[in-house]
Amino acid sequence: MAKYNDDLKQLDLPHIDQLMLKFWEENDIFNKSVNQRPVDNSFVFYEGPPSANGMPGIHHVMGRTVKDIFCRFQTMKGKRVERKGGWDTHGLPIELSVEKELGITKEDIGKKISVDDYNHKCRETVMRYKDLWDDITRKMGYWVDLDNPYITFNNEYIESVWWLLAQLYNKGLLYKGYTIQPYSPAAGTGLSSHELNQPGCYRDVTDTTVVAQFLTKPDTLPDFLHGYGDIFILAWTTTPWTLPSNTALTVGPKIDYVLVKTYNQYTFKPINVIIGKALVEKQLAGKFMQVETEDQLNAYQQSDKKIPYLVVKEFKGQDLIGIRYEQLLNYALPYDHPENAFRVIGGSFVTTEDGTGIVHTAPTFGADDAKAAREAVPEVPAMLVLDEHDNPVPLVDLQGRFRKELTEIGGKYVKNEYYNEGEAPEKSVDVEIAIKLKEENRAFKVEKYVHNYPHCWRTDKPVLYYPLDSWFIRSTAMKDKMIELNKTINWKPAHTGEKRFGNWLENLNDWNLSRSRYWGIPLPIWRTEDASEEQCIESIADLQVEVAKANEQLGLNQTVPADLHRPYIDEVILVSQSGKPMKRELDLIDVWFDSGSMPYAQWHYPMENRDFIDKGTTFPADFIAEGVDQTRGWFFTLHAIASMVFGSVAYKNVVSNGLVLDKNGVKMSKRLGNVIDPFKTLEDYGADATRWYMISNAQPWDNLKFDLDGIDEVRRKFFGTLFNTYSFFALYANIDKFSYSEAVIPLEKRQEIDRWIISLLNSLIKEVDNDLANYEPTDATRKIMSFVDEHLSNWYVRLCRRRFWKGEYSEDKIAAYQTLYECLTTISKLMSPFAPMFADWLYKNLNEATGKEVHISVHLSDFPIADRNHIDLALEQRMDYAQRISSLVLSIRKKEGIRVRQPLTKILLPVLDPDFIHQVDSVRDLILSEVNVKDIEYITDTDGFIRKKAKANFKTLGRILGKHMKTGAQMIQEMDQASISQLEKTNAFSIEIEGESFNLTTEDVEISFDEIPGWQVATDREVTVALDVTLTEDLIAEGLARELVNRIQNIRKNSDFNVTDRIIVDIEKNNIILPAIEKFGDYIRQEVLANQININDNDGELTEITEEVSVKIAISKA
RNA sequence: AGUCCUGUAGCUCAGCUGGUUAGAGCGCUACACUGAUAAUGUAGAGGUCCGCAGUUCAAAUCUGCGCAGGACUACCA
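With the first letter of the first sequence counted as 1, position 611 gets the number 615 in our numbering; the numbers rise by one all the way through.
Because the hints were derived from the structure by calculation, they are not lab data. Computed from a predicted model, the values in this text were never measured in an experiment. One thing to keep in mind: the hints can contain errors.
Computed list of lysine to aspartate or glutamate pairs in DMTMM-like fashion (alpha-carbon distance at most 25 Å, straight line) [as the list claims (entries may be wrong)]:
#: 1; residue 1: K587; residue 2: D626
#: 2; residue 1: K88; residue 2: D615
#: 3; residue 1: K483; residue 2: D372
#: 4; residue 1: K671; residue 2: D615
#: 5; residue 1: K898; residue 2: D1024
#: 6; residue 1: K619; residue 2: D633
#: 7; residue 1: K180; residue 2: E510
#: 8; residue 1: K899; residue 2: E1091
#: 9; residue 1: K36; residue 2: E717
#: 10; residue 1: K741; residue 2: E1091
#: 11; residue 1: K952; residue 2: D917
Okay, the calculated beta carbon distance ranges per label pair [stated by the list, open to error]:
#: 12; residue 1: T1110; residue 2: E978; range: 46 to 52 Å
#: 13; residue 1: S582; residue 2: K431; range: 33 to 39 Å
#: 14; residue 1: I108; residue 2: K175; range: 53 to 59 Å
#: 15; residue 1: F228; residue 2: K959; range: 53 to 59 Å
#: 16; residue 1: E1037; residue 2: Q1096; range: 37 to 43 Å
#: 17; residue 1: E1082; residue 2: K1121; range: 58 to 64 Å
#: 18; residue 1: Q1090; residue 2: T990; range: 40 to 46 Å
#: 19; residue 1: D234; residue 2: K431; range: 28 to 34 Å
#: 20; residue 1: Y179; residue 2: R207; range: 34 to 40 Å
#: 21; residue 1: G58; residue 2: K13; range: 51 to 57 Å
#: 22; residue 1: V549; residue 2: Y179; range: 37 to 43 Å
#: 23; residue 1: K684; residue 2: T492; range: 53 to 59 Å
#: 24; residue 1: Q1090; residue 2: K13; range: 45 to 51 Å
#: 25; residue 1: E978; residue 2: R905; range: 55 to 61 Å
Where is the CB? At the ideal position from N, CA and C, for every residue including glycine.
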């Protein structure tokens, strides 16, 4: 017969990994596991594409473990779970690494290196670490189809993306518009936030700053500001060149402001100014001096050293909203709704940290400004004027120069840094504007100020925040739909979806799609030069038609390029309806759009596989999982595209997992040298222990403090225990040749303990199934661990050991084998999603010996189904009693210093509830053998023998007693024995508090045992145990007999006897132990498999039996 | 700066809708067990449940304000 594999003498997880990986590959288990499930019963999973441009880290092992668990689980539940791998291949990191490698900068592209060569280099680089990725994927046991991955740079992929963009375009959701972006005039390009975050970009610079006085229009002032004459609002700026573009002032609605009477320090004219209350002292410092009366104020002379000021009024920002003011520098007016400009509006971003608490707002040059202006009702227009072609433009051109509208400063650069060396004027425009304002009594204060300002990493010159032309997706138009759809998604954890993602959707901005780069998906929009006509291409076929049309009408000879990337695609010229040539908009699209398109583009939808999406076979996903950092990344782009193009969610369940930190909770970084090498970890500890540790230690969405010692603990505690249990089983099953060939012994014919562990096992199946269905992997692992360790190993196996090694191959023995076998195979299935290798090793070892199931791998088997009929909660409860009673008895023994091998006569169990006796009686024998006591006696008549005590049940009483709770609890605590008896008998007791009477029932009072005079007592919640510790001669002899058995067994073991060898024992004569041999000789012989015991002198080992007695014992084979 | 998360024993974590001795594992200390043995059991020590205030008869749990750590987003007149 087939034997249970016992090759491994001790647990070696990395070795098991190797065995299983080889087995899986040779037998194509992954594909089989997918293909054996029906096509029409799919569980859709999307793989978020990693970039193979970087090395895989330990956090990838974490993320992929989460994915793998649920995919494997659903597979075992009968679902077909296709797992198409994918690679993210575009984007800035790839460009940067190529540039670094070639030693070039962006400026060199098209000069030192052609765009063509550059893109080729990107294409090569992007898969640099693919082998390492494939390797880690395999070694960690992550099942994903790496043979047919989607790759975002493939033409098919790009074509699908184009189609999606065209859908958006056709719905009017794609538009070209302005947004305020960091812009480098010297380089003539916008900068991404990534580029701004390069080291050294933010630098301290000294700028001329102005606190300007904006003159309010009296008829728009609120009543409380009437009667003071001219009132100015003070606003501070570090960029005076933006003042001509001012169209609003922003206040914080909740901020306190004051009206201050004082004098202008440059013109000495009396003025009234509005300023943030918290900033009065800061702005009116130095030359200024606070006074208390009008007289003191009026007494001011120009020659005085200090300028007095008087605070006359206080109010909230809210009260200022709506005030209109005269334009500060009237070079130009906004072309659009100029009547809505020059007002006070509210904004939440206003602080009183510095400045005046009122923000000069120039929507053309500040993102916050633009936002506040847009949100105001009515909208505040930006300072845009119409150029020669009637296009709206800001007052500063793309080179960073003022437009001609600004007369005397027109044509000048807004920053002196933008001039070529030696050409900068003495006075910057900032200074010129400051002087002008001073002269016009519009400057409250002008001073130099040092602040941190971003610089372009290519030109070293300051960045301008500038409205740039970009292509946008009008996601705001679909905001409500996205919010509504989001509510149907099951987020793990929920708050990531409700709060983090929900808030993000609430505050959604239009999606800036444009990137001025080279390596990415080109925007498929062609335009005429005057932008009057344009076309969005939705497929290669579409492009072919248009190219042919253009060739014909424009007399060209173009073909559709074989590669849809730049620069080839840029050379294609199309023709407009009116016959004009159209060129492609040079932008690439945001790489995030690439990855958000994967549900469709991975199948080259809709050019192929239309049904996959249209019939819902692969859309939406049932499940996706990535790091929380993808909330606004992949999770969003998937959601946005699905919502906008298909009106659907892209995924129904999403797990966002946390970060993997080092063991001290510090982020892993190369610099700190605390990075964990995933390859080495897997090699040292094996994939299963690593995976199990990661999942069981913390919920996936909590950050994981990764500690290698934790993996080792999991290995010892869980895998070690399970391995030992299996080894134990295999050892005896091989001896007895148990191969599950006998008929299944019905549960009712098995022992109580068998039914108990089977009951627990079925409860466990139910729980684990439930947890996995609800994306709660951590709970599931913890429950499996607790079952294996606490119940299976430390109770079932421990108590049943004798059944396996003792006696004939009886029905009871077979029942034990069947029971343990069932537990082990079931555990192998339950754990297989988490620990696929060990689980399969275990399953195969068991199944190959019995041939019970047809599957050659656990991963081809079905997930166990809990059998309700096998769950017996009463049984589970009484076994719990048994465990607790045993534990209490052992603790009394310990306290009394009585060894477990010393038998005792009886346990006393006080009983409150007749059912308790019944329950304990069924597990009586287990308890007695476990604690080596001969009998259990129940005490029901407690009066006078056992004292009871009463304690309030706060939960029920709280409602009845309310504020009298404290007094009531005290009174119940003090109930005497008679009162307790009365309550028990009549189920009624009344107490009186402050004249009020309350009727209590037994439900309101918890009664427990206090003490049994003269006995050793231990209590665990409602269970109380007393132990009779009297020793008789017989008991002592029996105890010694057991000591002898133990010593002889040790000698057997040390002498390397086989478990089945019969022996002869020689024991030196000793009067103390003689009674033990006389009275319990049979017992001893039976236990140690001795044919005879001789009392004689022998040259055996001197062996200590008790502290007082040592005798020589020799054994030999019979 | 905003949004969100986390804060319980030396360490890693449980603690459901508020209920009175706040738990587990590891580690530590002591003892025991020994045909699962590079295992195992029992016991012990170890906690201002981040702080403060509030709601309540009752707060680790609910509310507010802070503090510390982290993530994301935005970058500031």
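Each hint tested on the structure:
1. K587 - D626: The given pair, whose Cα atoms are some 41 Å apart, is violated under the 25 Å limit.
2. K88 - D615: Distance ~17 Å between K88 and D615 Cα, so the pair holds.
3. K483 - D372: Holds, at about 21 Å.
4. K671 - D615: violated, 44 Å
5. K898 - D1024: holds, 16 Å
6. K619 - D633: violated, 32 Å
7. K180 - E510: Holds, at roughly 23 Å.
8. K899 - E1091: violated, 29 Å
9. K36 - E717: Since the Cα atoms of K36 and E717 sit roughly 34 Å apart, the hinted pair is violated (cutoff 25 Å).
10. K741 - E1091: holds, 22 Å
11. K952 - D917: Holds, because 14 Å separates the two Cα atoms, which is no more than 25 Å.
12. T1110 - E978: 46 to 52 Å: holds, 48 Å
13. S582 - K431: 33 to 39 Å: Check failed, 50 Å falls outside 33 to 39 Å.
14. I108 - K175: 53 to 59 Å: Since I108 and K175 have Cβ atoms about 40 Å apart, the given range 53 to 59 Å is violated.
15. F228 - K959: 53 to 59 Å: holds, 57 Å
16. E1037 - Q1096: 37 to 43 Å: Violated: the Cβ-Cβ distance is about 25 Å, outside 37 to 43 Å.
17. E1082 - K1121: 58 to 64 Å: Given a distance of about 25 Å, which is not inside 58 to 64 Å, the answer is violated.
18. Q1090 - T990: 40 to 46 Å: violated, 55 Å
19. D234 - K431: 28 to 34 Å: holds, 29 Å
20. Y179 - R207: 34 to 40 Å: holds, 36 Å
21. G58 - K13: 51 to 57 Å: violated, 41 Å
22. V549 - Y179: 37 to 43 Å: violated, 25 Å
23. K684 - T492: 53 to 59 Å: violated, 43 Å
24. Q1090 - K13: 45 to 51 Å: violated, 30 Å
25. E978 - R905: 55 to 61 Å: Distance hint for E978, R905 is violated at roughly 44 Å.
Hint compliance for this structure: hints 1, 4, 6, 8, 9, 13, 14, 16, 17, 18, 21, 22, 23, 24, 25 are not met, and every other hint is.
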